[in-house]
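2 protein chains.
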Amino acid sequence: MTVLPPPGSPDIEIARAVKPWPIFEVAQRKLGVAAHALIPYGHYKAKLDLAQLDASKPQGKLVLVTAITPTPAGEGKTTTSIGLTDALNAIGISTSVCLREPSLGPCFGVKGGAAGGGRAQAIPMEDLNLHFTGDFHAITSAHNLLAALIDNHIHWGNELNLDSRRISWRRVMDMNDRALRNTLIGLGGPAHGQPRESGFDITVASEIMAILCLADDRKDLQRRLGNIIIGRDRDNKTVTARELGADGAMTVLLKEAIQPNLIQTLEHNPALIHGGPFANIAHGCNSVMATRTALGLTDVVVTEAGFGADLGAEKFIDIKCRLSGLKPDAAVLVCTVRALKMQGGVAKNDLDAANVDAVKAGSDNLKRHIQNMQQFGLNPLVAINRFPTDTPEELAAIKEVCLSLGAGVEEANHWAEGGEGAKALAEGVKAILDAGSPEVTHLYDDAMPIDEKIRTIATRLYGASDVQFNIAAQKQLDEIHQLGFGELPVCIAKTPYSFSSDPHLLGAPTDHILPVRELRLMAGAGFVVAICGDVMTMPGLPRKPAALSISLDDQGDIVGLF
Amino acid sequence: MTVLPPPGSPDIEIARAVKPWPIFEVAQRKLGVAAHALIPYGHYKAKLDLAQLDASKPQGKLVLVTAITPTPAGEGKTTTSIGLTDALNAIGISTSVCLREPSLGPCFGVKGGAAGGGRAQAIPMEDLNLHFTGDFHAITSAHNLLAALIDNHIHWGNELNLDSRRISWRRVMDMNDRALRNTLIGLGGPAHGQPRESGFDITVASEIMAILCLADDRKDLQRRLGNIIIGRDRDNKTVTARELGADGAMTVLLKEAIQPNLIQTLEHNPALIHGGPFANIAHGCNSVMATRTALGLTDVVVTEAGFGADLGAEKFIDIKCRLSGLKPDAAVLVCTVRALKMQGGVAKNDLDAANVDAVKAGSDNLKRHIQNMQQFGLNPLVAINRFPTDTPEELAAIKEVCLSLGAGVEEANHWAEGGEGAKALAEGVKAILDAGSPEVTHLYDDAMPIDEKIRTIATRLYGASDVQFNIAAQKQLDEIHQLGFGELPVCIAKTPYSFSSDPHLLGAPTDHILPVRELRLMAGAGFVVAICGDVMTMPGLPRKPAALSISLDDQGDIVGLF
Numbered sequence: 001m002t003v004l005p006p007p008g009s010p011d012i013e014i015a016r017a018v019k020p021w022p023i024f025e026v027a028q029r030k031l032g033v034a035a036h037a038l039i040p041y042g043h044y045k046a047k048l049d050l051a052q053l054d055a056s057k058p059q060g061k062l063v064l065v066t067a068i069t070p071t072p073a074g075e076g077k078t079t080t081s082i083g084l085t086d087a088l089n090a091i092g093i094s095t096s097v098c099l100r101e102p103s104l105g106p107c108f109g110v111k112g113g114a115a116g117g118g119r120a121q122a123i124p125m126e127d128l129n130l131h132f133t134g135d136f137h138a139i140t141s142a143h144n145l146l147a148a149l150i151d152n153h154i155h156w157g158n159e160l161n162l163d164s165r166r167i168s169w170r171r172v173m174d175m176n177d178r179a180l181r182n183t184l185i186g187l188g189g190p191a192h193g194q195p196r197e198s199g200f201d202i203t204v205a206s207e208i209m210a211i212l213c214l215a216d217d218r219k220d221l222q223r224r225l226g227n228i229i230i231g232r233d234r235d236n237k238t239v240t241a242r243e244l245g246a247d248g249a250m251t252v253l254l255k256e257a258i259q260p261n262l263i264q265t266l267e268h269n270p271a272l273i274h275g276g277p278f279a280n281i282a283h284g285c286n287s288v289m290a291t292r293t294a295l296g297l298t299d300v301v302v303t304e305a306g307f308g309a310d311l312g313a314e315k316f317i318d319i320k321c322r323l324s325g326l327k328p329d330a331a332v333l334v335c336t337v338r339a340l341k342m343q344g345g346v347a348k349n350d351l352d353a354a355n356v357d358a359v360k361a362g363s364d365n366l367k368r369h370i371q372n373m374q375q376f377g378l379n380p381l382v383a384i385n386r387f388p389t390d391t392p393e394e395l396a397a398i399k400e401v402c403l404s405l406g407a408g409v410e411e412a413n414h415w416a417e418g419g420e421g422a423k424a425l426a427e428g429v430k431a432i433l434d435a436g437s438p439e440v441t442h443l444y445d446d447a448m449p450i451d452e453k454i455r456t457i458a459t460r461l462y463g464a465s466d467v468q469f470n471i472a473a474q475k476q477l478d479e480i481h482q483l484g485f486g487e488l489p490v491c492i493a494k495t496p497y498s499f500s501s502d503p504h505l506l507g508a509p510t511d512h513i514l515p516v517r518e519l520r521l522m523a524g525a526g527f528v529v530a531i532c533g534d535v536m537t538m539p540g541l542p543r544k545p546a547a548l549s550i551s552l553d554d555q556g557d558i559v560g561l562f
Numbered sequence: 001m002t003v004l005p006p007p008g009s010p011d012i013e014i015a016r017a018v019k020p021w022p023i024f025e026v027a028q029r030k031l032g033v034a035a036h037a038l039i040p041y042g043h044y045k046a047k048l049d050l051a052q053l054d055a056s057k058p059q060g061k062l063v064l065v066t067a068i069t070p071t072p073a074g075e076g077k078t079t080t081s082i083g084l085t086d087a088l089n090a091i092g093i094s095t096s097v098c099l100r101e102p103s104l105g106p107c108f109g110v111k112g113g114a115a116g117g118g119r120a121q122a123i124p125m126e127d128l129n130l131h132f133t134g135d136f137h138a139i140t141s142a143h144n145l146l147a148a149l150i151d152n153h154i155h156w157g158n159e160l161n162l163d164s165r166r167i168s169w170r171r172v173m174d175m176n177d178r179a180l181r182n183t184l185i186g187l188g189g190p191a192h193g194q195p196r197e198s199g200f201d202i203t204v205a206s207e208i209m210a211i212l213c214l215a216d217d218r219k220d221l222q223r224r225l226g227n228i229i230i231g232r233d234r235d236n237k238t239v240t241a242r243e244l245g246a247d248g249a250m251t252v253l254l255k256e257a258i259q260p261n262l263i264q265t266l267e268h269n270p271a272l273i274h275g276g277p278f279a280n281i282a283h284g285c286n287s288v289m290a291t292r293t294a295l296g297l298t299d300v301v302v303t304e305a306g307f308g309a310d311l312g313a314e315k316f317i318d319i320k321c322r323l324s325g326l327k328p329d330a331a332v333l334v335c336t337v338r339a340l341k342m343q344g345g346v347a348k349n350d351l352d353a354a355n356v357d358a359v360k361a362g363s364d365n366l367k368r369h370i371q372n373m374q375q376f377g378l379n380p381l382v383a384i385n386r387f388p389t390d391t392p393e394e395l396a397a398i399k400e401v402c403l404s405l406g407a408g409v410e411e412a413n414h415w416a417e418g419g420e421g422a423k424a425l426a427e428g429v430k431a432i433l434d435a436g437s438p439e440v441t442h443l444y445d446d447a448m449p450i451d452e453k454i455r456t457i458a459t460r461l462y463g464a465s466d467v468q469f470n471i472a473a474q475k476q477l478d479e480i481h482q483l484g485f486g487e488l489p490v491c492i493a494k495t496p497y498s499f500s501s502d503p504h505l506l507g508a509p510t511d512h513i514l515p516v517r518e519l520r521l522m523a524g525a526g527f528v529v530a531i532c533g534d535v536m537t538m539p540g541l542p543r544k545p546a547a548l549s550i551s552l553d554d555q556g557d558i559v560g561l562f
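Heads up: the sequence lines are chains Y and D, in that order.
This note's numbering applies: residue 1 is where the first sequence begins, and numbers increase by one.
This note's numbering applies: residue 1 is where the second sequence begins, and numbers increase by one.
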């Protein structure tokens, strides 16, 4: 049996102490998938060849892992998803976990990757955080091919009469590169295109990332790619990627990228890691194809949604589930003592000190998240993601809040103990699943106007008294309705650090107003983004980027990445 | 036995008619490489894990395939390299072929990929032409990480005192995108960096591509990456990537990309396809690591160098062989009836008509290429790459020229017949290899000043009477010598369509002058580029890009790419 380094050891040391199973073995023993249905990428990563899978198997149960309002460090949704998966397998339930792929660019900014942590990780973590199976590179290529075709079209005579001032399709790069946010392109004279303003976003912010994650299959992918609105013509009419003839070639570039990736947890359970849309301007969930595939292969599938439940769970249900027909059978709401203290007003540097009063003060936040989940028809099981500094009084205070609202609650210590530490949580989830499927409802109907959808979310989930559209957003709203896209769901882009649009409003604020600054129509992905606050779609590197201390050691192992 | 479509069928139809062997089988049966030393990428592609290979095997013989001055369609070096490899295996000699990886971007411009043609192809050709094993994406990431670190350094206070007007390191993208050639970046105010002029090249033009192809191993790779000159500081002193601290993270991004890729020919012989530097501003050869690996695994290795022998063979010997210690044991000079007619003054549309006089008139070109190869100590075997329109008189005229100079000559019909069609050529190569290794010499010594090196190449190979440096180039020359880089080899960037810098000067022109417009110091790659004419480092898309007709058919197969 593998002896793991003690809890608190660096994630990378724990990850390297475990010898992964060959991916063929994970597929065969844990998914019943034969070797010919795997497309290997090295010995420990593979894509699942959807054409080779037997889709007739009964569908498993879906468990959504979401969280209260997080601290900037996050409350451990990924870690809990992985720990719960290992624990469910440990109590005899065949379970897989579905997660997002991390982005390459940010690895070179602040140290740290995204593959869980402690004894609840997905491995191989270096591969996952670097090029992985090339999905994001393929998305980058498809995105930038469309951009090149747009400028090329203008260069050669502009048959579609595109208004070069109104091209909304930018370029992308999987890199934190602030200097590319705002650019002038096409300079240098007539042989080098038409000068115009444009810029770059990071690849995870690409509409194609959201499309890949919402597509049902290759055909649906191409349909959605064709629907992308690239800008306006001189009559102010929207122009799509299909009108430019770009959808076929873009689909070809994404041919392999749409197949879900398989790796394993530290305890050799299947992890399907596929797609990684932003959780602000996009819906923040792994691909529909991965979730659906996993549901056909294991009895239970654990998946997470980005940010707190106000954003993550809402988008999971109102966007991902609505568009795909998926439906969660249970929800786990991750909560930490630290986050509640922060919501109770404690400063970041004092979060380690015991403070049961702050936990109680902050628990309004937890309450509202529980009640919000209950509004969707999902009575959540609260998972207290344990930290060594937690005190019995603090834990008791949290439990009291949960029980008072009729929600279950379990401590989970997977970070220190792996699946073993999350067995109580797993038993709790099992009990919910055994009790039958809940009646999950969306928060609003397709037919509701876009502004009413936003108002519904803001008043029913955020505690806002109203929504305020500024003049630009009001104009965009009218246009979206006129164009016939009023039936799309909405995707709120706001701070994850408060129910409101103000990150400093803690707890469960009421009577605030949600300001809508801008609406962006994502006709390909199939939702309307409501920008409520600052949204950064191309991060920058910090003063001392992690890149400066990343290198290979003499054995060829990576140092400085984690 | 596989029944192949008749000669002249589209390359893709021929390629799809062959069922490839699992790549493990190619490795085991043809290279003696066990499965654990392969890193699979799907079932038919793999990287060779250099750490797992037994490097103690005796070194094989190296055969360089080069060509006369090509027509714009190319004279079939890749096709001949593959056909010769299949033929050598067919006559019982264990042989592998080493080639460059094609670039993704151009696939969407003009229809057609780069994997040989007819019955001499490397498969799977779709994978090879699209993302393949992700090497070019990794190079793009490493290149752009360095760029982001430069702008980030300036943004946060510019400790190195970089002159933002003199940053020579641009960004890259594997896309034909003319609008990115000249850009203004860092616009939008102080939060978004320092505005400055910059631009993008296509990934194959990245210095990192040349570095990857010349590196001996990971350590040498990092050393070369660190040596990259990114620009100047305010005292006009050169600044390197190492001074910025970027070399470690760049190496990490290239960790997998430096391992050679293995695929197979239509006849299941091993093809190591790795790296793809431009043949104008770079040296145009596959990686040293691939060639060296292949030499440790098969008795003969066939490899090609980009463009005609004036550029390709010269750079192969004076750059790749000089820097790596490799040495060719034989050279094959590919020649076509069509290309000689073109050199004899026939218009492009009349090349199919029999015209023995034009062949004779154009054969001065062939003569000079033969004599040039003989200057290197390599008496070439001329391979007449057969076309159905060739006449016996035309073929006889070519043979007479070759024999008059003491060079061997063989017809080769691999395009129509596969390895079987190149058996005579293979026997010819075998005879040369059996006769012992030639004394190959470089054209110049390291110690010769840069301008003299250029003059030596121009007068001894191109028939030029002199070299003329314009004022800017003269200044750069002095600087390169002052900086202590005078001992580097030179890499001439000129038109491939003439021995001179004027593409209209056909045959074997003499008394012309080679104008040197610019010198670029590639301190990381380890050569000085002499720009002699227009050089395009970011192609554009044509009026009707191939992308518009590329898509997936109902079976999920790609149409329109080839």
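The hints are simulated quantities; they were obtained by calculation from the structure and are not laboratory data.
Warning: the hint list may mix true and false statements.
One copy or any two copies: either way a pair holds, since identical chains are not told apart in the list.
[What the hints assert, rightly or not] Calculated cross-link-like contacts (lysine-lysine; reagent style DSSO-like; alpha-carbon spacing at most 30 Å):
hint	residue 1	residue 2
1	K111	K219
2	K475	K111
3	K237	K544
4	K111	K367
5	K111	K255
6	K430	K475
7	K475	K255
8	K360	K111
9	K255	K544
10	K219	K367
11	K237	K430
12	K57	K475
13	K237	K348
14	K360	K219
15	K348	K57
16	K237	K475
17	K399	K237
18	K348	K111
19	K348	K367
20	K19	K219
Note that the coordinates shown come from a computational prediction; the quantities given were computed from them, not determined experimentally.
These are the hints, each one checked on the structure:
no., hint, result
1, K111 with K219, "between (39 Å within a copy, 24 Å between copies)"
2, K475 with K111, "neither (42 Å within a copy, 43 Å between copies)"
3, K237 with K544, "between (45 Å within a copy, 23 Å between copies)"
4, K111 with K367, "neither (33 Å within a copy, 60 Å between copies)"
5, K111 with K255, "between (32 Å within a copy, 19 Å between copies)"
6, K430 with K475, "neither (49 Å within a copy, 76 Å between copies)"
7, K475 with K255, "neither (38 Å within a copy, 50 Å between copies)"
8, K360 with K111, "neither (33 Å within a copy, 67 Å between copies)"
9, K255 with K544, "between (38 Å within a copy, 23 Å between copies)"
10, K219 with K367, "neither (43 Å within a copy, 56 Å between copies)"
11, K237 with K430, "neither (53 Å within a copy, 67 Å between copies)"
12, K57 with K475, "neither (48 Å within a copy, 73 Å between copies)"
13, K237 with K348, "neither (49 Å within a copy, 44 Å between copies)"
14, K360 with K219, "neither (51 Å within a copy, 56 Å between copies)"
15, K348 with K57, "neither (48 Å within a copy, 61 Å between copies)"
16, K237 with K475, "within (15 Å within a copy, 53 Å between copies)"
17, K399 with K237, "neither (56 Å within a copy, 65 Å between copies)"
18, K348 with K111, "within (19 Å within a copy, 58 Å between copies)"
19, K348 with K367, "within (22 Å within a copy, 78 Å between copies)"
20, K19 with K219, "between (39 Å within a copy, 27 Å between copies)"
Consistency note: the structure conflicts with the earlier hints numbered 2, 4, 6, 7, 8, 10, 11, 12, 13, 14, 15 and 17.
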